[in-house]
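Student: Spelled out from the first residue to the last, the chains are:
Number of protein chains: 2
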Amino acid sequence: MSDDPLIERRVARQELLKGHFLHAFRDTVTLPDASTATREFVVHPGAVMVIPLLETPDGQCKVVLERQYRYPVEQVMIEFPAGKLDAGEDPLHCAVRELREETGYTAREWARAGVLHPVIAYSTEVIHIYFARGLTLGERDLDEGEFLEVFAATPSELLGWCREGQVTDAKTLTGALWLQNTLSGAWPLDWQALS
Amino acid sequence: MSDDPLIERRVARQELLKGHFLHAFRDTVTLPDASTATREFVVHPGAVMVIPLLETPDGQCKVVLERQYRYPVEQVMIEFPAGKLDAGEDPLHCAVRELREETGYTAREWARAGVLHPVIAYSTEVIHIYFARGLTLGERDLDEGEFLEVFAATPSELLGWCREGQVTDAKTLTGALWLQNTLSGAWPLDWQALS
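Protein chains in written order, with our numbering: chain A, 1 to 195; chain B, 196 to 390.
The shape of chain A in the complex, shown without the other chains (with noise of 0.2 Å):
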């Protein structure tokens, strides 16, 4: 299938917000049928999500996850370990980074899944989903201002939250995705040492 006749292409740009966190702009766009509209959008750094596979002591398989109070959907959330993407950081570099701050883990082997778009139809955001095993617990060193808890879930126990709605952030329902594919062995995953 061809993308042609679907394509949107830029002619004007005006920004409409810098704040502290939101960067937001209106572009005006020419569409297939050479009509023209606006479309508004954020600009986002890029991030990362992982999904820390854990050992436990009885050989059981457990993923580390958080808890924490997001404002704009006024809910404590179930979410894998996240975080943005410094300017210029390799998202691999990001992702070993986010995972010991929030979570005090650092994981012996990586293997990258693939990407998310969280919300196509306004911001540029790409989350990049890892999954991380071999797990050394350390020191967390949280953001100023980060308040998030750390526990260890076994797979059905996050996919009955799923199912049951006590999980809805989308890239954690997408990690869900992975992690069930993962281990059923249908989406085999490239494991690499970190050297």
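Please note: incorrect hints may appear among the correct ones.
[What the hints assert, rightly or not] Pairs of lysine to any residue residues, derived as SDA-like cross-links and limited to a Cα-Cα distance of at most 20 Å, are as follows: (1) K213(B) with R39(A); (2) K18(A) with E339(B); (3) K213(B) with R26(A); (4) K18(A) with F216(B); (5) K62(A) with W187(A).
[Unchecked claim] Partner residues aside, some chain B positions facing chain A, computed with beta carbon under 7 Å: (6) D199; (7) G214; (8) F216; (9) A219; (10) C256; (11) V268; (12) L311; (13) H312; (14) P313; (15) T319; (16) L337; (17) G340; (18) F342; (19) R358; (20) L368.
[What the hints assert, rightly or not] Sample of chain B residues at the chain A side, in silico, Cβ under 7 Å: (21) R208; (22) F236; (23) Y264.
Quick caveat, the hints were computed from the structure, so don't treat them as lab data.
Glycine included, each C-beta is placed from N, C-alpha and C at the ideal position.
Position chain B against the provided structure of chain A, taking the given hints into account.
Tutor: Quick look at chain B alone, frame taken from chain A:
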């Protein structure tokens, strides 16, 4: 687990942007340690996504999907049909409307799956997830300036695209999680005939 140690409370609100589409605020909040911080976010009316199950003449199950150019991410995306709630609109009503407008299909039966929050760090948006079956094809009725292609794929084609990176839209990846577990029988649905 108690939510109290994590909750942030609003102490002030500033409107940052009232665009054609984006409506953004900066709230001042008190953090769990009684310090203050600001939270910038977009207020969104909410949306729906539909997972339409199509029985082909040979008895195969397919899902109805769309290809649409998404300007912020500069890509043609494969997505389940979706759309924003009108003011005060019931989510199921919106799901029925958006499915018909975007794809031309009407459905005999509907099932509510759950909700997802696409971007909990900086938007209030919630997406209500529905399944639809017993499809009849009629006329599409696209909004002005809306260009999208409708096609059908098997669940295994869709899951392959999720794994391989041709599907990266978070709502559609979440839909794939629901689809996989519904078709396997793990997450049964409560189907209702539309009266």
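Student: Next, verify each hint and record whether it holds.
Tutor: Here is how each hint holds up against the structure:
1. A C-alpha spacing of about 14 Å is found between K213(B) and R39(A), which places the hinted pair at or below 20 Å, so the restraint holds.
2. Taking the CA atoms of K18(A) and E339(B), the gap is about 30 Å. The hint is violated against a cut of 20 Å.
3. Taking the CA atoms of K213(B) and R26(A), the gap is about 12 Å. The hint holds against a cut of 20 Å.
4. The suggested pairing of K18(A) with F216(B) holds, with an alpha-carbon distance near 17 Å, which does not exceed 20 Å.
5. A C-alpha spacing of about 18 Å is found between K62(A) and W187(A), which places the hinted pair at or below 20 Å, so the restraint holds.
6. Checking D199(B) against chain A: minimum C-beta separation of about 9 Å lies over 7 Å; hint violated.
7. The interface hint given for G214(B) holds, since its Cβ lies 5 Å from the closest Cβ of chain A, which is under the 7 Å cut-off.
8. Below 7 Å, beta-carbon pairs count as interface contacts, and F216(B) has one with chain A at about 4 Å; its hint therefore holds.
9. Because the closest C-beta pair between A219(B) and chain A is about 6 Å apart, less than 7 Å, the hint holds.
10. The closest approach between the C-beta of C256(B) and any C-beta of chain A is roughly 18 Å, which is over the 7 Å cut-off, so the hint fails.
11. Hint on V268(B) holds. Least Cβ distance to chain A is approximately 5 Å, under the 7 Å limit.
12. With a cut of 7 Å, the hint placing L311(B) at the interface with chain A holds, because the nearest CB-to-CB distance is about 5 Å.
13. Given the 7 Å rule on beta carbons, the hint for H312(B) holds: about 5 Å separates it from the nearest Cβ of chain A.
14. Evaluation of the P313(B) hint against chain A yields a held restraint, the C-beta minimum of about 5 Å falling below 7 Å.
15. The criterion of a C-beta within 7 Å of any C-beta in chain A is met by T319(B), whose closest approach is roughly 5 Å, and the hint holds.
16. At its closest, the beta carbon of L337(B) sits 11 Å from a beta carbon of chain A; the interface hint therefore is violated under the 7 Å criterion.
17. For G340(B), the interface hint holds, since its Cβ comes within 7 Å of a Cβ in chain A; the closest pair sits about 5 Å apart.
18. For F342(B), the suggested interface contact is upheld, since its CB lies about 5 Å from the closest CB of chain A, less than 7 Å.
19. Hint on R358(B) holds. Least Cβ distance to chain A is approximately 5 Å, under the 7 Å limit.
20. Hint on L368(B) holds. Least Cβ distance to chain A is approximately 4 Å, under the 7 Å limit.
21. The criterion of a C-beta within 7 Å of any C-beta in chain A is not met by R208(B), whose closest approach is roughly 12 Å, and the hint is violated.
22. Taking 7 Å as the C-beta contact cut-off toward chain A, the hint placing F236(B) at the interface holds, the least distance being around 4 Å.
23. Hint status for Y264(B): holds, given a least beta-carbon distance of 4 Å to chain A, under 7 Å.
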